[in-house]
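Undergrad: For reference, the chains in residue letters:
Number of protein chains: 2
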Amino acid sequence: MGEGELIFVGFGLGDSGLTVKGLETVKNADKVYVETYTNYTPDWVIEELEKLSGRRFERVSRKELEELGGAALLEAASDSKVVLLVPGDPFMATTHIALRIEAEKKGIKTRAVNSSSIVAAAAGACGLQIYKFGESATVVFPDSDTVSMKPYDTVLKNLERGLHTLLLLDYRAEENRAMTVNYALRLLRSLEKIRGMQVFIDDRLVVGLARLGYDNYKVKGGSLKDILNEDFGEPPHCIVIPGSLHFVEAEALKVLADVKEISPREEINARSYIPLDRLNRYISGVEKVFRDIRLLESSRLVDRGDIDKALDWARSYYEDSQAFRDRGDLVSSLVAVAYCEGILEGLRLLNLVEFKWEGEV
Amino acid sequence: MGEGELIFVGFGLGDSGLTVKGLETVKNADKVYVETYTNYTPDWVIEELEKLSGRRFERVSRKELEELGGAALLEAASDSKVVLLVPGDPFMATTHIALRIEAEKKGIKTRAVNSSSIVAAAAGACGLQIYKFGESATVVFPDSDTVSMKPYDTVLKNLERGLHTLLLLDYRAEENRAMTVNYALRLLRSLEKIRGMQVFIDDRLVVGLARLGYDNYKVKGGSLKDILNEDFGEPPHCIVIPGSLHFVEAEALKVLADVKEISPREEINARSYIPLDRLNRYISGVEKVFRDIRLLESSRLVDRGDIDKALDWARSYYEDSQAFRDRGDLVSSLVAVAYCEGILEGLRLLNLVEFKWEGEV
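Chains as they are written, first to last, in this note's numbering: chain A, 337 to 697; chain B, 337 to 697.
Where hints are given, some of them may not hold.
Which copy is meant is left open, so a pair is good if it fits within one copy or across any two.
Stated by the list, open to error - Derived BS3-like pairs: lysine-lysine, alpha-carbon spacing no greater than 27 Å straight-line: (1) 468 <-> 590; (2) 596 <-> 442; (3) 486 <-> 468; (4) 556 <-> 417; (5) 387 <-> 363; (6) 363 <-> 442; (7) 590 <-> 554.
Calculated from the structure, these hints are not laboratory results.
One chain only, chain A, in its complex shape (with noise of 0.2 Å):
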């Protein structure tokens, strides 16, 4: 066991995002490394940081926290105080939550100093609700022959059960390249060709974020179409796609985002999530159904025994429904029961039986 500190301190969201207590870590620190890979931060930024705590920063690239697992910071915390400044909030990047891991088996203590991070700073700055949003996604530059559906997907899901989206935008600080609002939304919209699951549509509801944390902030909201053409200026940016509204968040996203109108055109038609209601009514129709069910006179051409075997069948599906259902597969149950209203409904377009369905004059 060592006796050296690996210390995470966060700056938070922009240019004095680092807390009291951030910047009493890093003046009291052996070494203060930082890294501005995992989110755009500007020179100027880390230089006023520098100042403030009257320390020098080492940076570290990508390449020394992912390919070399930060060998050189783990070596100068084995017996030393280390901080490593990080954008936002630690630990919001799987490199850092490694380096932790790494830093603990060596028997190096860790610790964290929170700041602010863009996944509340963007719902806040919407004015949306932050537990009304679903998972969250990267928009990342396509590869020459491969593009990723994640984030579309991930809006889908949401939006489907009335969530809210935060989609990140890449940033490749090798190549000095931090995606545009612009950029991400004509990206999604032409993936809309291959989902066509009616979700990046020019009429879409979409906010561009562009530099919270700092005094020029903007944020924009409107129709897919006219956010396209809205410029954000200087990254980072990112997006907000809301889900249902409560009157507050739409009155907010008026407010806070300069939304002109919201058209009740937003909701989504998809629908892959079973609501449990839906399924209790089909089983409970199909229970009235073998309650009423006879057979008619016409039935009498038939075996009577392959319409047994065929109202057996019926009544082991539906049972079959109830079972997945108790055991949380609805999808299963779901399956089960309209396969066996199928039979019954087989029965009787052959007068065979005679029955109504719930509802059915």
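On the provided structure of chain A, position chain B as indicated by the hints.
TA: Frame of chain A, contents of chain B only:
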């Protein structure tokens, strides 16, 4: 239009989460209010902030902000620079958003100074990837006659999709009650009797977190039955329910949350989300049947018109299924294709037609 300004300054998590920018903003304000009812905050934290900034803060209650709409603040902000200090990052509570909208409508300039938020910090403290968190929920103290199923259902939906969930715990400043991890888990486990979807079972992997942002924070994960009896000390507490784990996340839970073992039993068996590929297999299976199906000798006993009607009916459900799928309504599509299968199966059980399902021998 007044010349005033209302600035929402987050003081983050713990005892020194105020940022350097936030501190400057407080120092330069004409008047500083603070609210501590949206998150448990010991008095000494506020006293430290007063000492640090050399200012006295005026406490505002829930009643003042929610029932009276923050009238006093808005009045003061109409012609002076007013700061409202809030725990965490600003605008995590609807009250703050509503107050901001109200101010803007009165022509009062508003802005936010961000700070750390439990949403990002809880993920980081467990070493779980922030983008894999689904929607979050708050576990509230049950009233005498109601208990909210929301947290249970939220965790269920997230687990189904492999997502993590952050559960915030109720805090009632007026009654000086803050919910503990233990209370919340006991409550959630009791809901298992109502829902029975195997979410809050004894073996469920859960992580309890206490006092993030304070030096004496605690993070401890394990099976629900073990964490139920863990002492987390002073509030505030919260809970994370991990979903599917990347290997770095599994490793992080062991190192950072002291999880002894991660059994493969944590997977949820609930399934209410329809995978497109499964649906497509059903649809292409039926397509094959329509190509192969032929009438049997015994079908002569039944009116040929009835058989044709049943086959037409089945075919039209098959077409509906494709149309629903293409419109994104996978639920109706699945119902239609299973119904179609049922009709076909019914005809086969009656020995009227002959065909084989995909893979059937």
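Undergrad: Is it within, between, both or neither when you check residue 590 against residue 554 at 27 Å Cα-Cα?
TA: This pair counts as within: shortest intra-copy Cα distance 14 Å, inter-copy 41 Å.
Undergrad: Quick one: residue 596 to residue 442, C-alpha cut-off 27 Å, is that within a copy, between copies, both, or neither?
TA: The answer is between: 19 Å across copies meets 27 Å, while 56 Å in one copy does not.
Undergrad: If the cut is 27 Å between Cα atoms, do residue 468 and residue 590 qualify within a copy, between copies, both or neither?
TA: For residue 468 and residue 590, the Cα distance is within 27 Å only inside one copy (18 Å; across copies 29 Å).
Undergrad: First find the shortest C-alpha distance between residue 556 and residue 417 inside one copy, then the shortest across copies, and answer within, between, both or neither for a cut-off of 27 Å.
TA: between (43 Å within a copy, 25 Å between copies)
Undergrad: At most 27 Å between C-alpha atoms: does residue 486 with residue 468 qualify within a copy, between copies, both, or neither?
TA: For residue 486 and residue 468, the Cα distance is within 27 Å both inside one copy (19 Å) and across copies (12 Å).
Undergrad: At 27 Å max between alpha carbons, let me know whether residue 363 reaches residue 442 within a copy, between copies, both or neither.
TA: within (25 Å within a copy, 43 Å between copies)
Undergrad: Classify it for me, residue 387 with residue 363: is the Cα-Cα distance of at most 27 Å met within a copy, between copies, both or neither?
TA: Classified as both: same-chain Cα gap 11 Å, cross-chain 20 Å, threshold 27 Å.
Of the numbered hints given earlier, the model fails none.
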